Every structure is written in C-alpha cells, then in structure tokens.
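Engineer: Chains as they are written, first to last, in the numbering used here: chain X, 1 to 219; chain V, 1001 to 1219.
Simulated from the structure, these hints should not be mistaken for laboratory data. Check each hint, because a few of them may be wrong.
Some chain V residues flagged as far from chain X (calculated, every beta-carbon gap over 12 Å) [said to hold, decoys possible]:
1) Arg1093
2) Asp1113
3) Tyr1135
4) Arg1136
5) Asp1147
6) Asp1168
7) Asp1205
Derived DSS-like pairs: lysine-lysine, alpha-carbon spacing no greater than 27 Å straight-line [what the hints assert, rightly or not]:
8) X:Lys199 with V:Lys1199
9) V:Lys1010 with X:Lys10
10) V:Lys1075 with X:Lys150
11) V:Lys1150 with X:Lys199
12) V:Lys1150 with X:Lys75
13) V:Lys1014 with X:Lys14
14) V:Lys1009 with X:Lys14
Some, not all, of what chain X presents toward chain V, calculated at C-beta under 10 Å [said to hold, decoys possible]:
15) Ala79
16) Gly81
17) His83
18) Tyr135
Computed from a predicted structure; not experimentally measured. Even for Gly, the Cβ is constructed at its ideal location relative to N, Cα and C.
Number of protein chains: 2
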Amino acid sequence: MTRTVTIEKKILEKNDTVAARVRARFQSENLAVVNIMSSPGAGKTTLLAETVKRFSTSIRTGVIVGDIATDHDAKIIEAAGAHWVVQINTAGRCHLEAGMIEQAVAEMSKGLDLLIIENIGNLVCPAGFDLGEDYRVMLAALTEGTDKPKKYPGMYRACSHLVINKIDLESALGVSGESFEHEALQTNPKLEIFRTSAKNGDGLDRWCDWLRSVVNEKG
Amino acid sequence: MTRTVTIEKKILEKNDTVAARVRARFQSENLAVVNIMSSPGAGKTTLLAETVKRFSTSIRTGVIVGDIATDHDAKIIEAAGAHWVVQINTAGRCHLEAGMIEQAVAEMSKGLDLLIIENIGNLVCPAGFDLGEDYRVMLAALTEGTDKPKKYPGMYRACSHLVINKIDLESALGVSGESFEHEALQTNPKLEIFRTSAKNGDGLDRWCDWLRSVVNEKG
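Construct all of the structure, not just a fragment, from the sequences and the given hints.
Structural biologist: Next up, the structure:
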C-alpha cells in the first residue's frame, strides 16, 4: 500500500505546480474561476445551462466540461448561450487535472468574465486536484440521501460552497433540503449553502447573485 | 501523461494477480460472489438490506461494504440480518482493490452461500479492478438521467447485469425505467436488466430470484 501512496503524492505535487501556473494566468486576465464537482447525475449540466441563460450578455461565461466520454454536455451548454465551451474527454480518468485545464484554455476566447469548470461526476478524486480555481463548489442532489456528507467528507471539506439540487423532489422523496443542509454543516460548518431546483428554477437567483459577486471581486 | 498510464497498468497487473488468488479461494469454498457498483446514493445499501431480509436463513449471505469513511452502511446491513458483514474504509481511495478483499475475507465466517461486495460509490475506477467476483452488477438510479450509460461506457460495459433503481420516482421525474433501459442497451446490448424500487419493494423478487440462481450455479 505504501508504494501506491507515494505515487499519488508525486502526481499531486506535479499537479500543484501546473495549477499555480494556470492560476497565475487566470489572475493576469482578471478571470473568476469556479470548479463544480458532484456525483454523476446530480444536475451540473442543467444548473450550468440555466445559469448561462440567465447571464446572457451581462456576464461573459466560459465553461470547461469534463467527461469520461461524449460531448453531450458541452452541446447543451453551448446551446444555452455560453460564450466559450470546451469539452475535455478524459478517456477513463476519474477527475480533471490542472494539466488538462492548461491545455483546454490554450485557445480560450478573450474577454471572458467567468470560467466555470464542470468536473467529472465523482465524489472522491476530483477533491484532491487543484485546477487553479478561485472557488470549489460541491453540487449534491437531494436524491443522494442525507448520509453522503459523512460518507464523502473529503469532498465536502474541500469545498467552500454547496448547492443542494433537485429540491423539487422533496415531497416525492420525503427528504427536506433543510435536513440535508444540517448534515452537510456537521461535516463542514463553514459551507455556504444554496438550495436549488435547476429543473423549475427555484433558488437560481441567489446562486446567480453569488456568481456575480465572484466576478465583481475581480473588479 | 504516458508516465501515469504506465503506473496505472502496473497497479492493474498487480491487482489481477491478487484477484486470481482471491477467486481461487472463493471457488474452493463454492461461494458465489457478486460485485455491485454504482454512483453515490443510487441505493446500494437499501437494496442490499432488503435483499438480505428476504433471504433470511434460506441463503446465508455475507456482505463486504466499501466506503471512503464511516461504518454507517455496514450497520444497516447487519441489522437487516446478514450472516457476516465487514466494512472496508479506503481512507480516500475511490475504488476497492483485490488486496482489500483478500484482507477482508481473511476471517470470513464459514458456510456462506453468497458474498456481495458493495463497492465505493463511483462510476469510473471501480470498473477497472477485478475483485475475484463471479458477476459484476451496475446499480443505476433513475434520478441520474438517461444520458449516463453513454457518459460512463466503461462501467456499463464492465457489467453483465444492471439494476435500475428508484423506479418509484418515475412520475415525479417524468422519466421511465423503459427509456433508461433503452439507453443502457445501446451502450451494452448484452446487459440483463432489473427495474427496482428498493424503497417500496417493486422488482425485488426477480432480483432475488437471479441471486438465488447464482448461488445454485455453485451447486
């Protein structure tokens, strides 16, 4: 087991070096960058498509979409009106790394205000890889069950913000967004939390207001 | 990138050697072994608890529960009446490996008919690691969206059987189990598919009948 841990450390150290370079580039362009992580099917793509629609021309938003395979999500987000979209296919790797971001932004459009990175659907490894972002956001679906914050503490602690999505299913599930929030705060008391339904629009105004404030921080 | 791929190959080769040893042990004990994989929150634990309840004394079932942290799931499955339960905490690793199974079964109860391995909630890496099992089963929740088979083809192709769970939410979601099944078969036409609600019991009889047949194959 020890040998494998050493290998992982080396990979993470290499990633940190690249991430610092990527972050410096984003800083020099005054670009706000948010890395969104979640389980498969929690609703990242729908949330991002709805976010991009609301920003329209007011905030010029770019999106990097990470997936194992397909460009399905990139097409949806492009159709929603994102100013720049690139799809990364990891061909079996379970997380994005800073080197993939560096390649992806090599030909990025100029003049973007906000770059959102949609990470691979996985609650484990993505938490370990710095991508040069300003904020890490965890997206949880209410359907996943309120035990998940305790079961995936690394992810919940790696993030400063949590979106609890699919709250439209509260009554069908018999689970409240409030109880999920309570569990999440037990794992990470510093989380700032949004409750949303990307499907019917509930809670999206507050979420978009926060993203606007992230852009404004960059001046 | 090449360097990393080489490391992964080495890890997988080492895993295959251990898996062959674990499989030989299971064969010598006529033990049927099923490896269940899914996203976080798809319902593995509830399905297994309900399965174990139904088998009661007719099929002596052991369960290995993989998690990043906590023994929450092991307690639930033990309370449901499993004959032997062991929790593996991977401390941040996103999949189970054959070496972990070998350690876990070192002190396994004698006389089990069936061993179910509940893998880490992750649709990527667990697909690559042989655990010495007879069958690999993928559990998908209807809530994840019908695009998932195309987006995680490695997992869908690594499995011979698929359980589509949470079908009680069909009307709340506006998504049918049939449409999910259709998408899954496009990625892997050989999948044998069950549709279940572990919550209300729908479809569990057919699932349990299949597990019984797996036990009977061992004679």
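Engineer: Confirm or reject each hint.
Structural biologist: Status of the hints after comparison with the structure:
1. Arg1093: violated (8 Å)
2. Asp1113: holds (29 Å)
3. Tyr1135: holds (22 Å)
4. Arg1136: holds (16 Å)
5. Asp1147: violated (6 Å)
6. Asp1168: Not fine: 8 Å to the nearest Cβ puts Asp1168 of chain V too close to chain X.
7. Asp1205: holds (24 Å)
8. X:Lys199 with V:Lys1199: holds (24 Å)
9. V:Lys1010 with X:Lys10: holds (16 Å)
10. V:Lys1075 with X:Lys150: holds (15 Å)
11. V:Lys1150 with X:Lys199: Distance of about 22 Å is within 27 Å: holds.
12. V:Lys1150 with X:Lys75: Since the Cα atoms of Lys1150 of chain V and Lys75 of chain X sit roughly 15 Å apart, the hinted pair holds (cutoff 27 Å).
13. V:Lys1014 with X:Lys14: The hint holds at about 24 Å.
14. V:Lys1009 with X:Lys14: Holds, at about 20 Å.
15. Ala79: violated (15 Å)
16. Gly81: violated (20 Å)
17. His83: With a closest approach of 24 Å, the His83 of chain X hint is violated.
18. Tyr135: Status violated, d = 22 Å.
The structure fails to meet hints 1, 5, 6, 15, 16, 17 and 18 from the earlier list, while all remaining hints are met.
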